[in-house]
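Student: Hey, can you work out the whole structure from these sequences and the hints?
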Amino acid sequence: MKNILKPSIYWLFAFIPIAIFLERSGASAPLIFFSAAFSIIPIARLIGNSTEQLATYTGDAVGGLLNATFGNFPELIIAVIALKEGLHGMVLASLAGAILANLLLAMGVSFLVGGLKFYNQDYNANSVRVYSSMMMMAVISLTIPSGFHMLALEKAASENENMLNVYLAIVLLVGYISYLIFMIKTHPDFFRSEGEKQEEEHEERWSITRALVTLVIASVLAAFMSEVLVGAAEETGKVLGMSSVFIGVIFLAVVGGAAESISAISMAAKNKMDLSIGIALGSSIQIALFVAPMLVIMSTFVGPAQMNLTFPKGLIVALFLSVILAAMVAGDGRSNWYKGVQLIIVYLIMGMMLYFIPTM
Amino acid sequence: MKNILKPSIYWLFAFIPIAIFLERSGASAPLIFFSAAFSIIPIARLIGNSTEQLATYTGDAVGGLLNATFGNFPELIIAVIALKEGLHGMVLASLAGAILANLLLAMGVSFLVGGLKFYNQDYNANSVRVYSSMMMMAVISLTIPSGFHMLALEKAASENENMLNVYLAIVLLVGYISYLIFMIKTHPDFFRSEGEKQEEEHEERWSITRALVTLVIASVLAAFMSEVLVGAAEETGKVLGMSSVFIGVIFLAVVGGAAESISAISMAAKNKMDLSIGIALGSSIQIALFVAPMLVIMSTFVGPAQMNLTFPKGLIVALFLSVILAAMVAGDGRSNWYKGVQLIIVYLIMGMMLYFIPTM
Amino acid sequence: MKNILKPSIYWLFAFIPIAIFLERSGASAPLIFFSAAFSIIPIARLIGNSTEQLATYTGDAVGGLLNATFGNFPELIIAVIALKEGLHGMVLASLAGAILANLLLAMGVSFLVGGLKFYNQDYNANSVRVYSSMMMMAVISLTIPSGFHMLALEKAASENENMLNVYLAIVLLVGYISYLIFMIKTHPDFFRSEGEKQEEEHEERWSITRALVTLVIASVLAAFMSEVLVGAAEETGKVLGMSSVFIGVIFLAVVGGAAESISAISMAAKNKMDLSIGIALGSSIQIALFVAPMLVIMSTFVGPAQMNLTFPKGLIVALFLSVILAAMVAGDGRSNWYKGVQLIIVYLIMGMMLYFIPTM
Chain A
1 MKNILKPSIY WLFAFIPIAI FLERSGASAP LIFFSAAFSI IPIARLIGNS
51 TEQLATYTGD AVGGLLNATF GNFPELIIAV IALKEGLHGM VLASLAGAIL
101 ANLLLAMGVS FLVGGLKFYN QDYNANSVRV YSSMMMMAVI SLTIPSGFHM
151 LALEKAASEN ENMLNVYLAI VLLVGYISYL IFMIKTHPDF FRSEGEKQEE
201 EHEERWSITR ALVTLVIASV LAAFMSEVLV GAAEETGKVL GMSSVFIGVI
251 FLAVVGGAAE SISAISMAAK NKMDLSIGIA LGSSIQIALF VAPMLVIMST
301 FVGPAQMNLT FPKGLIVALF LSVILAAMVA GDGRSNWYKG VQLIIVYLIM
351 GMMLYFIPTM
Chain B
1 MKNILKPSIY WLFAFIPIAI FLERSGASAP LIFFSAAFSI IPIARLIGNS
51 TEQLATYTGD AVGGLLNATF GNFPELIIAV IALKEGLHGM VLASLAGAIL
101 ANLLLAMGVS FLVGGLKFYN QDYNANSVRV YSSMMMMAVI SLTIPSGFHM
151 LALEKAASEN ENMLNVYLAI VLLVGYISYL IFMIKTHPDF FRSEGEKQEE
201 EHEERWSITR ALVTLVIASV LAAFMSEVLV GAAEETGKVL GMSSVFIGVI
251 FLAVVGGAAE SISAISMAAK NKMDLSIGIA LGSSIQIALF VAPMLVIMST
301 FVGPAQMNLT FPKGLIVALF LSVILAAMVA GDGRSNWYKG VQLIIVYLIM
351 GMMLYFIPTM
Chain C
1 MKNILKPSIY WLFAFIPIAI FLERSGASAP LIFFSAAFSI IPIARLIGNS
51 TEQLATYTGD AVGGLLNATF GNFPELIIAV IALKEGLHGM VLASLAGAIL
101 ANLLLAMGVS FLVGGLKFYN QDYNANSVRV YSSMMMMAVI SLTIPSGFHM
151 LALEKAASEN ENMLNVYLAI VLLVGYISYL IFMIKTHPDF FRSEGEKQEE
201 EHEERWSITR ALVTLVIASV LAAFMSEVLV GAAEETGKVL GMSSVFIGVI
251 FLAVVGGAAE SISAISMAAK NKMDLSIGIA LGSSIQIALF VAPMLVIMST
301 FVGPAQMNLT FPKGLIVALF LSVILAAMVA GDGRSNWYKG VQLIIVYLIM
351 GMMLYFIPTM
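Residue numbers (the working numbering), protein chains in the order written: chain A, 1 to 360; chain B, 1 to 360; chain C, 1 to 360.
Any given hint could be a false lead.
Any copy will do: because identical chains look the same in the list, a pair fits if it lies in one copy or spans two.
To be verified - Within a straight-line C-alpha distance of at most 27 angstroms, the following computed DSS-like cross-link-like pairs (lysine-lysine) qualify:
1. Lys185 with Lys117
2. Lys272 with Lys117
3. Lys313 with Lys84
Hints in this document: simulated from the structure, not taken from any laboratory. Predicted model, so just to flag it, every value in this text is computed and none were measured.
Tutor: If you want it as structure tokens, here you go:
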């Protein structure tokens, strides 16, 4: 690399040794937590890059599948670690938070940054409509078990509840597989960019060995740093006076998706809105349709008890409103800076509410 | 008929004697229930056909009126019978269920079946927008009395509640009449199909006497078989371990609308999406704006007590979400198989929830 | 003025002395209330006219700012007077009611009146989309504190609640300022009318002195008559058997916005739909993003206690549904009479519910 001094998120690798040193030396939890958080951002980028490189060796279909599946690998790793610790509330919060962060924060900042450079930015409204209705479907599905939990009061319900959650997870995964078939196989043109072809910039092509080895190493690193991160999460919440839901919704969610969000924003700055929106919305969909049901199913093997999708009431409302708002704001295929401001404001306000309601 | 051996829903007429025989011989309730259910499907089709034939003898306006009014006659008959028995909960469930079945199941299967044969299917997005906003208006209106019921805690409220429901029914019927005027009189072009004129296939024209006699006989038959159906409904629920809400939402609703749903799906398979969507969405609107308020008003004459529109909370949420989802999915005037899958998944998931929550 | 006998809302000035006389002579509260209400309508129009006249002396940007800021001055005056009396519930109800009245009643009557004269009326769908997503953002934001109020049960929460409301008000005002920048500075073309330029009719141009003096006198008059109006409001509710929420949602809200609503309707009758919709939607947005947060901040100086944005549950649901409905109905850039009927029906039904639920 010639421009090694260029600002790059790879500089954040320095936080790997820092976080480990802090943890060993018994530093305060927030220090450990935020060091680990920063260290995960470049690891996530590395996972993304190696997946993309791997995809160049496969056909388009397998490549699309690889990208889709590994796209939210960091979120999945963090969540599995937290699952093992039995931190179900925090996992659910981080899932909801990741969706909110993608729909409102990543898309909002993308619109704002892009809109400050370009008067209007056009993109493929078709794909946004597909994403929106999918998010709506996903959010409806995700919140059904919470409705069950609130309405079903009988004792005998608990076993039913576990069954309902597993069935639901299976239905969601069927929805996810259909989505992959639709996106990769039958209707790839739906997701094609408006106007000229947007070539992705590959600085260099990696060998298949390098891609595979990088992917494995990065995944192990991610798991290791997630362990540090999750280990310090609860204590961090206590020290900073934040609820574990807030830690999950804001910090875990933003950390897990940071690498992707940065990509979305930098694409918007280059006026590649279709890629930008594809990253932000695609990521929310994968969390809702793939990561969430996978975690329910994995929780029956890993960890102390099955994790059911019982989100707190406030998060459910937040999810619905965000999806409807995002569909309204992004649905017409043209963005500007003010749309970005709208999305960011709603994210801020929801964050504010979550901060002030420790028991939500 | 030359092709008498062709698969036809008229074969289901065989279930009329079967159901009657089973009822007389004291068979188990589910057997009676499902036989009666199957027997109603061809009767409903017969009502539809004779209405269409009658309409060929009247002007366009009266014909449209006839079609609109008799379109949900089977649902109305089943509901009136259940009303007489005082099964208010089941009637409300079947109304909500009929809307869900039309918006999600009938439209979903239509999109899926059509989408498997055709890459994309285009239709008139204008009419879908009219339907969507009307459904939204109707669902908002329908759920107001439930809000009243939840929020009004005083004893003195009960008389007010009855008045509110009757007033509301009148307002909804005014909305329905305006809709008919809009659709038939002032803006018929809004509902016209995209592209070439879609001729409906009339195998043969009936005499006016034949049409009238068929309509009368089919209606009497429908009433008779509905009596059998409703009589076995509660017992069927007990035997199969299903709540009466579930029986109403899923079985009564699907039975009453089956003939229409089959038409919608077969239109989609012939790439006549405008007709297909018109049947599915038009039917939901008639249930919300015509059948529901008619039943409230009729309940003050028929049956033990006035039926108020107090839906269970879960059904209200389900109705709202379905309308918003359907508007999002169908609003752009172009369907594909994956949109169908999305709608069907949400129907399945809602059904799952209703199955698992007996007390909802 | 040549046509002094033409029907004009300025005739309503006669209600100023009538209301004052009635109040002094100790007439019954409803008489005083409605006289004062009628008297405020022409005063509001006068404020609007003098602001417009003033704006002709400033640049476009300052003019836009003036119009935007003074657009809801009557509502603001009435609310501040009620705030001083500590009538927080009534103020909140009048804010929500003003939004509902603009979105449903003013827009509905505009669509109906315009649609009875013209078959279809086209307008700029872009601006409606901006308005809709802004209303959604605003309503989400406005209802967050209510969510907090419902969910936060601890005693210690009350101080947090006040802080949350002030922070929220600041965020909303930032949103409002961004909106002004967007509308006036960076993207004025978004709000431009379809088709030919629509010249506004200025009967005559006022001198700057006349405009300023009129504005000051009208504002003082508005404050004075608002005092009379608000003073009689609670007693009027008692006499007529209406809750103070109902008085606020329906009467105060309609009175404050009557002048603007009349403008919106008369623009629709002249087929100037862009102006009509701009008035109705623009006014809702100013109430949500400017009047509401201003009142929260002012309540910390004026009146007995800080007013927090804790709307009753029923009003929150009404606000959300109205915004979604309005977005659905108005979103396609073409109106007709039936769309008007839909909006009016929902307004009627919501009013009915509020009337029948005194405790909501």
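Student: With 27 angstroms as the alpha-carbon cut-off, assign the pair Lys313 and Lys84 to within, between, both or neither.
Tutor: Within. Shortest intra-copy distance 25 angstroms satisfies the 27 angstroms Cα cut-off; inter-copy 35 angstroms does not.
Student: I want to check one pair: Lys185 and Lys117. Are their C-alpha atoms no more than 27 angstroms apart within a copy, between two copies, both, or neither?
Tutor: Between copies only: 15 angstroms across, 35 angstroms inside.
Student: Given a CA cutoff of 27 angstroms, do Lys272 and Lys117 count as a within-copy pair, a between-copy pair, both, or neither?
Tutor: within (12 angstroms within a copy, 34 angstroms between copies)
When held up to the earlier numbered hints, the structure conflicts with none and fits them all.
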